[in-house]
Amino acid sequence: MHKEAAIREPLILGSPTYSDISNDVLFAIENKPTKLWKVLMVIASIAALWGIGCITYLLGVGIGTWGLNNTVGWAWDITNFVWWVGIGHAGTLISAVLLLFRQKWRMAINRPAEAMTIFAVFMAGLFPLIHMGRIWMAYWVLPLPNQFGSLWVNFNSPLLWDVFAISTYLSVSLVFWYIGLIPDFGTIRDRATRPVQKLMYGLLSFGWTGNAKAWQRFEEVSLVLAGLATPLVFSVHSIVSMDFATSVIPGWHTTIFPPYFVAGAVFSGFAMVQTLMLIVRKAMRLEHYVTIKHIEYMNIVIIVTGSIVGVAYLTELFIAYYSGVEYESYAFINRLSGPYWWSYWAMMTCNVVSPHLFWSNKLRTNLAFTFVMSIIVNIGMWFERFVIIVTSVHRDYLPSSWSMFYPTWVDIGVFVGTIGLFSVFYLLFLKYFPVLAFNEVKSILKSSGEQYKNMTDEEFKTLHPVFKKDIK
Amino acid sequence: MSDKTIYAIYDDDYVLLESAKHLVGKGIHIRDVFSPFPIHGLDPVIGLARTRIAMTAFIYGMCGVAIALTGMWYFMIYDWPLNVGGKPNFSLIDNIPSFVPITFEFGVLCAGHGMALTYFLRNWTLPGFKGRNPYPRTTDDRFVMEIHAEDSKLSAEEIVAFIDETCVLEIDEK
Numbered sequence: 001m002h003k004e005a006a007i008r009e010p011l012i013l014g015s016p017t018y019s020d021i022s023n024d025v026l027f028a029i030e031n032k033p034t035k036l037w038k039v040l041m042v043i044a045s046i047a048a049l050w051g052i053g054c055i056t057y058l059l060g061v062g063i064g065t066w067g068l069n070n071t072v073g074w075a076w077d078i079t080n081f082v083w084w085v086g087i088g089h090a091g092t093l094i095s096a097v098l099l100l101f102r103q104k105w106r107m108a109i110n111r112p113a114e115a116m117t118i119f120a121v122f123m124a125g126l127f128p129l130i131h132m133g134r135i136w137m138a139y140w141v142l143p144l145p146n147q148f149g150s151l152w153v154n155f156n157s158p159l160l161w162d163v164f165a166i167s168t169y170l171s172v173s174l175v176f177w178y179i180g181l182i183p184d185f186g187t188i189r190d191r192a193t194r195p196v197q198k199l200m201y202g203l204l205s206f207g208w209t210g211n212a213k214a215w216q217r218f219e220e221v222s223l224v225l226a227g228l229a230t231p232l233v234f235s236v237h238s239i240v241s242m243d244f245a246t247s248v249i250p251g252w253h254t255t256i257f258p259p260y261f262v263a264g265a266v267f268s269g270f271a272m273v274q275t276l277m278l279i280v281r282k283a284m285r286l287e288h289y290v291t292i293k294h295i296e297y298m299n300i301v302i303i304v305t306g307s308i309v310g311v312a313y314l315t316e317l318f319i320a321y322y323s324g325v326e327y328e329s330y331a332f333i334n335r336l337s338g339p340y341w342w343s344y345w346a347m348m349t350c351n352v353v354s355p356h357l358f359w360s361n362k363l364r365t366n367l368a369f370t371f372v373m374s375i376i377v378n379i380g381m382w383f384e385r386f387v388i389i390v391t392s393v394h395r396d397y398l399p400s401s402w403s404m405f406y407p408t409w410v411d412i413g414v415f416v417g418t419i420g421l422f423s424v425f426y427l428l429f430l431k432y433f434p435v436l437a438f439n440e441v442k443s444i445l446k447s448s449g450e451q452y453k454n455m456t457d458e459e460f461k462t463l464h465p466v467f468k469k470d471i472k
Numbered sequence: 001m002s003d004k005t006i007y008a009i010y011d012d013d014y015v016l017l018e019s020a021k022h023l024v025g026k027g028i029h030i031r032d033v034f035s036p037f038p039i040h041g042l043d044p045v046i047g048l049a050r051t052r053i054a055m056t057a058f059i060y061g062m063c064g065v066a067i068a069l070t071g072m073w074y075f076m077i078y079d080w081p082l083n084v085g086g087k088p089n090f091s092l093i094d095n096i097p098s099f100v101p102i103t104f105e106f107g108v109l110c111a112g113h114g115m116a117l118t119y120f121l122r123n124w125t126l127p128g129f130k131g132r133n134p135y136p137r138t139t140d141d142r143f144v145m146e147i148h149a150e151d152s153k154l155s156a157e158e159i160v161a162f163i164d165e166t167c168v169l170e171i172d173e174k
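Taken in sequence, the protein lines are chains A and B. All letters in the first sequence, in the order written, are residues 1 to 472 by our numbering. All letters in the second sequence, in the order written, are residues 1 to 174 by our numbering.
Don't read these hints as lab results, they were simulated from the structure. These numbers come from a predicted model, not from an experiment. One or more of the hints may lead you astray.
[To be verified] In the BS3-like style, the derived pairs of lysine-lysine whose C-alpha atoms are separated by at most 25 angstroms in a straight line are:
1. B/Lys-21 <-> A/Lys-468
2. B/Lys-21 <-> A/Lys-446
3. A/Lys-468 <-> B/Lys-87
4. A/Lys-104 <-> A/Lys-32
5. A/Lys-213 <-> B/Lys-87
6. A/Lys-35 <-> A/Lys-282
7. A/Lys-213 <-> B/Lys-26
8. B/Lys-21 <-> A/Lys-461
9. A/Lys-431 <-> B/Lys-130
10. B/Lys-130 <-> A/Lys-468
11. A/Lys-469 <-> B/Lys-21
12. A/Lys-461 <-> B/Lys-130
13. B/Lys-130 <-> A/Lys-198
14. A/Lys-213 <-> B/Lys-21
[Claimed, not checked] Coverage of chain B stretches by chain A, computed from C-beta distances (three or more under 8 angstroms per stretch; other residues unrestricted):
15. 67-76
16. 117-127
17. 151-163
Glycine included, each C-beta is placed from N, C-alpha and C at the ideal position.
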């Protein structure tokens, strides 16, 4: 048997059998929804409907109903877009990068994190589409033959790169997620007792059989998809950052943007995974599978990426001074002491100072503290995007056009609506989909499960005799 | 030669793996194994060749790269050379740097989806198909070997006797 070092903490607590693992994870699917789920669903649906209403109003009236003006042409819309895309980075990072590094702790969290990724990218994709105002012309971003002298889209523009990057990211993540889900749907299909359930999960499971060759292909496909998704994760947010970096706006025109955005994305994504997982593990009684050790590992990722983000902020500030370009310097002086100083300092406190509290072992393994921190980081990362976008453009080269951005109720409504819509999707996922990749979790039971971990070979062989003559 | 199918049902992956080694050592061919999760180390024991599905991903990816480059050459260089900000598009080689992102993305798109489709077709798993596992619990906590008596020189009775030496939960003959 493959063994882990004794010093590593177990990843599965207690002594579950293989069928216990299925029972624990599938409890929500095989039973009626709880009251908590129903209450949350009602709240989320109200927010989602409000958001859909705001979007409909926006499309009817035009984007003038947002608080945008001549000077500030991008504000909450693109802030929310980048925020959601950033959140959408943790899932694939967990499932792809951690798979390549053979980190077994990913197994308990990759499924819910990937679901988060997919729903977050849905929300992100919504913003550029509604920002077009005339959403029915959204197909103009595709290189289609047309009647305008066959004028094609501009392949030199990062905005078009973004179209390709985000749609590739979304669809490849979806495929990666679904291929992992198929064996688990197979289990639900084979356990289902009600005919409707049997039919639905039968369709979803694609007729999964689980024979040796299928598993061999499954592992190979997962590995190759991880290899493909890893550079994809890095490319997507690099390209998002180039939407800004390739323009000549002081405050945007910096070469540090791609790595800085990627680190920020991972940072905010892990914070959102923490927010969701801390609720899910408690509400669905999955504490044996998503242990404090898992939470601690994610907090360590938050320290690392938070530090990278902090270094990037300070580098940016130093370069603005050191470059000697007065417009660049002014953009940064304005950020930290202009009318939006509060957003800059909110960002600095939430993203640069607060993650370092996690250096303390006591705080890092404290669930309530982690939950509060994850919310703080989410807020901080929203402010980061707001600071970058709004403070860079609200005072442009011509002081007579300087202005401020004030969000209207539609701005707020659309943002709240995306949170609601995201929550609706996520709650449906929690109820109808296997929340953990439980079949993969079974495969690490013998190497990382608490009851097996520090067993000697002798003890293991007595517990699992191979030949009948060995049974004592 | 009889064409009897024997299913040996185990409740543990380790026991199945060790039993498989024992049976293969006796000259029994194991046609297939059904399990709820991949059993590492089983493939060489039952003589399963490595899958070539990764190579298909490479081929699809390269096709994607070729399509993306050809497309962008046609759109931007040949059909309508846009001149944005006094920076015209004259030749593919000069323009390649700004084509890199989309070439990469499209390559990944084709590799990922092409491989996924190949995977579904080779496994014969598509929406609406029925699961072909012999017992429903093989997707939960049972591990089953499928042995065909015609595959090896031993008789069905001898095979069953060898299987019975191991800690098998149940032997099912069909």
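Hint-by-hint comparison with the structure:
no.: 1; hint: B/Lys-21 <-> A/Lys-468; verdict: holds, 15 angstroms
no.: 2; hint: B/Lys-21 <-> A/Lys-446; verdict: holds, 19 angstroms
no.: 3; hint: A/Lys-468 <-> B/Lys-87; verdict: violated, 80 angstroms
no.: 4; hint: A/Lys-104 <-> A/Lys-32; verdict: violated, 32 angstroms
no.: 5; hint: A/Lys-213 <-> B/Lys-87; verdict: violated, 54 angstroms
no.: 6; hint: A/Lys-35 <-> A/Lys-282; verdict: holds, 15 angstroms
no.: 7; hint: A/Lys-213 <-> B/Lys-26; verdict: holds, 23 angstroms
no.: 8; hint: B/Lys-21 <-> A/Lys-461; verdict: holds, 16 angstroms
no.: 9; hint: A/Lys-431 <-> B/Lys-130; verdict: holds, 24 angstroms
no.: 10; hint: B/Lys-130 <-> A/Lys-468; verdict: violated, 36 angstroms
no.: 11; hint: A/Lys-469 <-> B/Lys-21; verdict: holds, 17 angstroms
no.: 12; hint: A/Lys-461 <-> B/Lys-130; verdict: violated, 37 angstroms
no.: 13; hint: B/Lys-130 <-> A/Lys-198; verdict: holds, 11 angstroms
no.: 14; hint: A/Lys-213 <-> B/Lys-21; verdict: holds, 18 angstroms
no.: 15; hint: 67-76; verdict: holds (count 4)
no.: 16; hint: 117-127; verdict: holds (count 8)
no.: 17; hint: 151-163; verdict: violated (count 0)
The structure is inconsistent with the numbered hints 3, 4, 5, 10, 12, 17, although it conforms to all the rest.
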